[in-house]
Every structure is written in C-alpha cells, then in structure tokens.
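Enquirer: Let the sequences and hints guide you as you build the complete structure.
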Amino acid sequence: MTENGVLAPAPEQSADMAKRLRTSIAAGRDRPCDQRLEQDESGPGCVPPAAG
Amino acid sequence: MERESVDLDAYAARARTGSCFICAYLDGHPDYQHETIYKDDAHVAFLDRWPTVPGKALVAPKAHIEHIARDLDEAAFSSLMLVVHRVALAVEEVFRPERTYLLSLGSQQGNTHVHWHIAGARPASRTSVNNFTPS
Ligand SMILES: [Zn+2]
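Those protein sequence lines, which keep their order, are chains F and G. For the first sequence, our numbering assigns the number 1 to the initial residue and increments by one for each residue that follows. For the second sequence, our numbering assigns the number 1 to the initial residue and increments by one for each residue that follows.
These aren't lab readings, by the way, just hints derived from the structure by calculation. Idealized CB from N, CA, C, for every residue including glycine. Do not take every clue at face value.
As the list claims (entries may be wrong) - What follows is a list of derived Cβ distance ranges for each label pair: (1) G/Y101 - F/A8: 17 to 23 Å; (2) F/D16 - G/F77: 30 to 36 Å; (3) G/A69 - F/Q13: 34 to 40 Å; (4) G/G28 - F/K19: 17 to 23 Å.
Expert: This is the structure:
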C-alpha cells in the first residue's frame, strides 16, 4: 500500500458504503446535532450549546 | 481497501476532452456511473469513483453551473450547502473521521461543473488526504 494513489473499492464495497450513507442521510434529521429550531423564528439550525 | 496508483496524465486528458462527468453521470452514461447517495430536485450526491479516503463523496447541483460563487444566488448557494452539510454529517456518522474536509475544486480546463468534495480525514491518512485530484 502506498501513501499516494487512490483506493480501489470493489463494487460491492462501494454499494455497501453508499447504502450506509443513504441510510444515514435519510435519518439525518433525527440526529441530536441536527435538531431544528422549529419553534424559533430564526429558522433552521442546530441547537446552540449552552452559554458558559 | 487496497490503494492503486493513478495515471494522472490520462486522468487529466479525460477531464479535458471528455464529457462533463457530472452531466454524463446524470444522463446515465455507462462510462460515468457513480453510486448515488442523495438526490433532490436540484442536487445530487454520489461516491467518488476514485476515492482518496473511504467514503469520499461529491455533492453537485444538477444544473451545469461552472462558478461556485457568481453562478449561484444566495438561495441556491445556501441550499447547495445544506446538502453538503447533510451528506457530511452522514460521512461523519458512517466513517467516524477525525476531521471533515470540504473542497470545491475543478477548473475551466476540465471538471468545470461545480461540485464539493466531502472527505473524512483519518489520523492515518494525514499525509495522503490532500490528494484530491482524481474526482
Ligand atoms: Zn455538467
């Protein structure tokens, strides 16, 4: 394995990576850091960390 | 996953003289197939065919837009970046990178169609992760 060059995923490896990413993207809005401020008139965004 | 060397001259020649790789992929051209991971009315995200790190993904507007700033108004740019954010969160969740790199590259001599690279950088790949040329 060299440091340069590209990875050569087998087709089934690519398909598996894509499937996992598609699943994660589809579930994205349930992630804690992606809790939309739906009640907040400022619009969508992550919940800001607590002050201090 | 094994690494293989890449013929950068052949790659550059193909980028300069071939079809727009994103438009060809969207048109279903058999030589430009990618694993699609996200699609909406205006955007598409897919796995890099020649990834430098596992799970390297590209996000692009479907329209053949060539300039990342001046060809997009605020609304179009913002919605593109929301897709980048969404895909990057998925890359972070699935591949647990140490850090996430975002780059918009391409050139007017090849790979003109605006696209963002999303690359999860791992500690072990620090020395090679900057090689994003094959897109
Ligand atoms: Zn194009």
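Enquirer: Each hint needs a verdict: does it hold in this structure or not?
Expert: Here's how the hints hold up against the structure:
1. G/Y101 - F/A8: 17 to 23 Å: 21 Å, holds
2. F/D16 - G/F77: 30 to 36 Å: 32 Å, holds
3. G/A69 - F/Q13: 34 to 40 Å: 36 Å, holds
4. G/G28 - F/K19: 17 to 23 Å: 20 Å, holds
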